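Enquirer: Chain A is already provided as a structure; the job is to place chains B, C and D with the ligands on it using the hints.
Residue-level listing of the chains:
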Amino acid sequence: MEKKEYLDLYNQMVVIRILEENAAELYQKGKIGGFLHLYIGQEAVSTGLISARKPQDRVITAYRDHGVAINSGLSANVVMAELLGKATGCSGGKGGSMHMADVNKNFWGGHAIVGAHLPLAAGLALGDLYQKKDGVTICMFGDGATNIGYFHEALNLSKVWNLPVLWVCENNQYGMGTAVERASAVSEIRQKAAGYDIPSDFVDGMNVIKVRDISKKLIAEIRAGGGPRFLEIMTYRFRGHSMGDPERYREQDEVHKWQENDPIGIYRKYLTEEKIAKESELDEIDAQAAEVVAEAVRFAESSPEPAPEELFAHIYAEEN
Amino acid sequence: MEKKEYLDLYNQMVVIRILEENAAELYQKGKIGGFLHLYIGQEAVSTGLISARKPQDRVITAYRDHGVAINSGLSANVVMAELLGKATGCSGGKGGSMHMADVNKNFWGGHAIVGAHLPLAAGLALGDLYQKKDGVTICMFGDGATNIGYFHEALNLSKVWNLPVLWVCENNQYGMGTAVERASAVSEIRQKAAGYDIPSDFVDGMNVIKVRDISKKLIAEIRAGGGPRFLEIMTYRFRGHSMGDPERYREQDEVHKWQENDPIGIYRKYLTEEKIAKESELDEIDAQAAEVVAEAVRFAESSPEPAPEELFAHIYAEEN
Amino acid sequence: MAKITMRQAISQALWEEMERDERVFIMGEEVGVWGGTYAVTKGFYDHFGEKRVRDTPIAEAVIIGAAIGAALTGLRPVAELMTINFAFSAMEHIVNEAPKLHYMFNGQMTVPMVIRTVSGGGRQLGATHSQTPDAIFAHFPGLKVVAPGTPADAKGLLKAAIRSNDPIMFIEHATLYQTRGEVPEGDYIVPIGTSKVQREGKDVTIVTYSKMLELSFLAADQLAKDGIEAEIVDLRSLRPLDMGPVIDSVKKTNRVVVAEEGWKSYGVGAEVSSRIYEEAFDYIDAPVKRVAQKEVPLPYNAQLEQLALPQVEDIIAAVKEVF
Amino acid sequence: MAKITMRQAISQALWEEMERDERVFIMGEEVGVWGGTYAVTKGFYDHFGEKRVRDTPIAEAVIIGAAIGAALTGLRPVAELMTINFAFSAMEHIVNEAPKLHYMFNGQMTVPMVIRTVSGGGRQLGATHSQTPDAIFAHFPGLKVVAPGTPADAKGLLKAAIRSNDPIMFIEHATLYQTRGEVPEGDYIVPIGTSKVQREGKDVTIVTYSKMLELSFLAADQLAKDGIEAEIVDLRSLRPLDMGPVIDSVKKTNRVVVAEEGWKSYGVGAEVSSRIYEEAFDYIDAPVKRVAQKEVPLPYNAQLEQLALPQVEDIIAAVKEVF
Ligand SMILES: Cc1ncc(C[n+]2csc(CCOP(=O)(O)OP(=O)(O)O)c2C)c(N)n1
Ligand SMILES: Cc1ncc(C[n+]2csc(CCOP(=O)(O)OP(=O)(O)O)c2C)c(N)n1
Ligand SMILES: [Mg+2]
Ligand SMILES: [Mg+2]
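Protein chains in written order, with the working numbering: chain A, 1 to 320; chain B, 321 to 640; chain C, 641 to 963; chain D, 964 to 1286.
One chain only, chain A, in its complex shape:
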């Protein structure tokens, strides 16, 4: 891997981290409404995963989607503008935090009903298979989403139809306040893949390079016609489920222990120890990232609200 690629991964993670921290502040100030689910602590997951895709590969995820949007190539500007509900947002201000997308970047959203996007992902993959395109659909979801029926129906169909889809479970140990073992019959989520005869793998989600490597391998297998694959990525969210989570369900010690595994810190250490980059270079990136996000906030705050007539735009593709 080229040095600039290494640094690019670092940059993406830092941008996400700072963007999320800013989003939290703007939420406190009441400039962001609705639910806000932060990706802090999980940056290495989508950064490593999406860095492994080719342009023709589709990405679809749940409502914890800001980082995924950044990794998919959306600018911090359009992401922040969407959080503020502005006309310049990636969804024109109509989607908000949970519903971001840019189909031109092959990012298919941002879906807020737990597990309901897995069937959509099967369909995206069917679309490529049917049209003999060599794209792979990367579908991300949480550990909690693996207990709903949509998961079962989508995984089964993907195997029966040999669909080019990579099922990615971000196991951050909790679905809201419910620990995996309190909601799922198996706490190693990948065990569920066996019930569909789908080959599975798992990886430490705090290590961006490991995530990238395994993802590249699985995506290649799928692209070669191998059918669906399942990847469980172990991670942890450093913040509450969404803003205003009382967090009665976990000890702060546990949170702190995990925070010592900060994916950004780990990667920074790796880059310097492997002599891929100097501290000073990384500090430079941190500074640039801070500026990118600051600019995004300025952009978002100075952007116009959607015009009132937008309320009635895009209800249907055709009026008739």
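Hints listed in this document are in silico derivations from the structure and should not be mistaken for laboratory results.
Be aware that one or more of the hints could be misleading.
Incomplete in silico selection of chain C near chain D, CB under 10 Å [to be verified]: (1) V673; (2) A727; (3) F728; (4) G902; (5) S914.
List time: in silico DSS-like cross-link candidates among lysine-lysine, alpha-carbon distance up to 27 Å [claimed, not checked]: (6) K960(C) / K892(C); (7) K1188(D) / K479(B); (8) K1014(D) / K960(C); (9) K1214(D) / K1188(D); (10) K1014(D) / K453(B); (11) K691(C) / K159(A); (12) K479(B) / K159(A); (13) K1014(D) / K452(B).
All of these numbers come straight from a predicted model, not from anything done at the bench.
Built from N, CA and C at the ideal position, the CB exists for glycine as well.
Expert: The following block gives chains B, C and D with the ligands in isolation, referenced to the frame of chain A:
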């Protein structure tokens, strides 16, 4: 096992067979309406399974329920009357072929939406667990039902809550016209149980004694507090999915091969070879069974239609 | 023009659209090898092959969900739900995914999909399998709900639906497949969202759709014998709901009966009669009558079921009450 | 009487019923350790324990399905669906299982179950999470649908629901939990299926329920300043629908506005206005006006969302139009 128990199992299977043959005729004559799903070929499944239960054990199944009703202790009279939609039917003529029940016999129906009764079964088991009763809920469903989300949600919950439920998949190789391997990622259905960490077993559904023995074992394990168990029973339906099935999806040779494995013939052979019963005794039972069903047809045909005011009865348990 | 059955008309529309456009394909339970449980897709599997005529597992949520996903990629799936009673098992995807994506993502995504399904009672299938809950699907903006009552409309509306870029629920009726009618050959299109006067009359307006159109015709024939000329307006589409022809008719007759097969409460008649009063208050000489199903889960017993379902006599009686 | 919030009233009813009857238990997502996403069941887990306050996986179908099964065994589950937007994921069990079993099996089975859930927009949650589709659930006979607008009614209706032997959908509103009102202590029961005049007036009738009751009060205060005395009838229950107090009021005022938060088409106002014309045709001086949500999926942007939601001003404007 006592001789009379052996003969009772034989009698149940024969009554079901003759009842189903009569039902088919009455359907052709237009005396039975709606959908009619015959159990011919699968008699050993519910006969062996339900013979292994205790009175406190609940039984719930899908729409292919006539045999299950007989095995649960409903009389041929009330079953046949329900098929004819008469007031004397087990569901007062309101349920029909797909919706038979007798809660006093701990038979909880008769459910026509594929897989939708599995969550109900989890709830029945929860009811016993909550009330510290030692009943086990026996939930039967087809191979096709294992692909719908309800299956997934119910099995997962049963494990997480350690519910006293026996999940029984009647694998008759097809869901309507769709062969198992065309609809399910795994053709050994029991493999799905592994995804929920539920111990599973499987048995030849054409052998009533084998079905009974394994069922007794699993029910005992569950009653002892072992949590859910999964049993796959291999069987085959000799007739179409329901009346009027064009059967384009299977070769008649295949059907004939299976018909040579007639569960009644196999059991008859077993009883005589093991010197448990003489041919003559079994012929006697056949004759009695034929008479029981003939009487049931007379009973049903001579029974009254539900009174018109029944239309508005039982919409709610309380009017207010 | 050829007189063909509703089944043939629907089959023809599907066949022609699949021949015309490679992107159109069918998916659903038993649509392939079996040929469709109502034999609508008989012969399709052999002709178009398993790629375009896709048998699915019994998994309604992923049938609709995967159809949505495929539609997002530019394909034009026709997803079949064996009956509308099974649509509840795909409710999230029908009302909360398909109709929301285009709007929520600001027009970036389009969902050119048709959900073919079957409503209706009268076949002794019992409470879980006999419903006509069409109205609840029409409650959701972003979804279009179409329900033809004649073979010609079925063909024309289905072709329009398949060519539309919006998600459309296409509701057929279980006991209309044998109904015959003249159907234009070839490329016949009926625009979605247009009500139609199916019978002209000056004395009373019967607003209806789907199966109840057939019963309304029979009622109108009876009424004619008593010198009452009923005008029948067929909604054909519940969303968008084209009140134009209804209002025109009402302004002429000043008397209205709305006939639907489903339950009365929160049903189609409620919306239609409300709209009539909103748009033609001064023209209504007598309270609009709603003819609908009794408010009970449909029983299996044939006599009870028929007592629950709206009958020709109910329409006739309702018409007489508005005089 | 104590003035407490809607949240406290609902919590109190649940708590008292659980203390009173061992068979009553709660199950749903985050009802236990978290204390309920709207904090309604805060403290329940510690007091009643995990047997009676059961956290579930994210699996709406089995939440409702298992509650039905438990109810069949004689328990009295209160199953919580975090919001009504997730009820679509349990649609089969809500509309095609719970309401059918008692009837279909001829009274052998009863389903004494309460489904607690939350409707409502106005919190910038976007199209998938902001709906008020109450009407579609009220379409199904066998199910009862209750939606309180005041803390007192919430307590009294929830207690009645828990003691009822029928499946009941109990719909709370996301932005009413802070609303305060006087609530009788102890065993206070409000019979299900009774509408109530919440404000007396002689000039116009506003028929409403749930959140829109709050807005109707504000509108009435404004109108009073202009000398218009509005009578407000709160439906409280959509099925059974008690039209008595509505009709009595209409016969007095001859003018009606129906206000609901959900979409207008095929909504609550459609049924209510149709029933008003059916039962009081000769008393209506001006077309019944429906105030409802614009026919769009709700957008995230706050200004657009408020444009879509019915406002106090809309009620006032509608009232002025019926004069
Ligand atoms: C069908 C459905 N049920 C409930 C919810 C409410 N909800 C939103 S996020 C969430 C937890 C999901 O947990 P997980 O899948 O592990 O994702 P994570 O938040 O941990 O990333 C729940 C219950 C929902 N959005 N959709
Ligand atoms: C949710 C749902 N979808 C579709 C149907 C229509 N249907 C009835 S039976 C059946 C096949 C079921 O096959 P299986 O579970 O193997 O049971 P079997 O008939 O073989 O006993 C189908 C698709 C239904 N009743 N419910
Ligand atoms: Mg999680
Ligand atoms: Mg089968």
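Enquirer: Determine for every hint whether it applies to the structure shown.
Expert: Hint-by-hint comparison with the structure:
Nearest Cβ of chain D to the Cβ of V673(C): about 26 Å, over the 10 Å cut. The hint is violated. With a least beta-carbon distance of about 8 Å to chain D, the hint placing A727(C) at the interface is held under the 10 Å criterion. For F728(C), the shortest C-beta to C-beta distance to chain D is roughly 4 Å, which falls under 10 Å, so the interface hint holds. Interface hint status for G902(C): upheld, as the beta-carbon distance to the closest one in chain D is roughly 8 Å, under 10 Å.
A hinted interface residue such as S914(C) counts as satisfied when its beta carbon comes closer than 10 Å to some beta carbon of chain D; here the least separation is about 5 Å, so the hint holds. The hinted pair formed by K960(C) and K892(C) meets the criterion: a straight-line CA distance of about 17 Å does not exceed 27 Å. The suggested pairing of K1188(D) with K479(B) is violated, with an alpha-carbon distance near 62 Å, which exceeds 27 Å. A threshold of 27 Å between alpha carbons decides the hint, and for K1014(D) with K960(C) the separation of about 60 Å lies outside it, so the pair is violated.
Between K1214(D) and K1188(D) the CA atoms are separated by roughly 24 Å; this keeps the pair inside 27 Å, and the hint holds. Restraint check for K1014(D) and K453(B): the C-alpha separation of about 15 Å stays at or below 27 Å, so the hint holds. Pair hint K691(C) plus K159(A) holds up; C-alpha atoms about 15 Å apart against a cutoff of 27 Å. A C-alpha spacing of about 25 Å is found between K479(B) and K159(A), which places the hinted pair at or below 27 Å, so the restraint holds.
Proximity of K1014(D) to K452(B) is assessed by CA-CA distance (about 12 Å); at most 27 Å being required, the pair is judged to hold.
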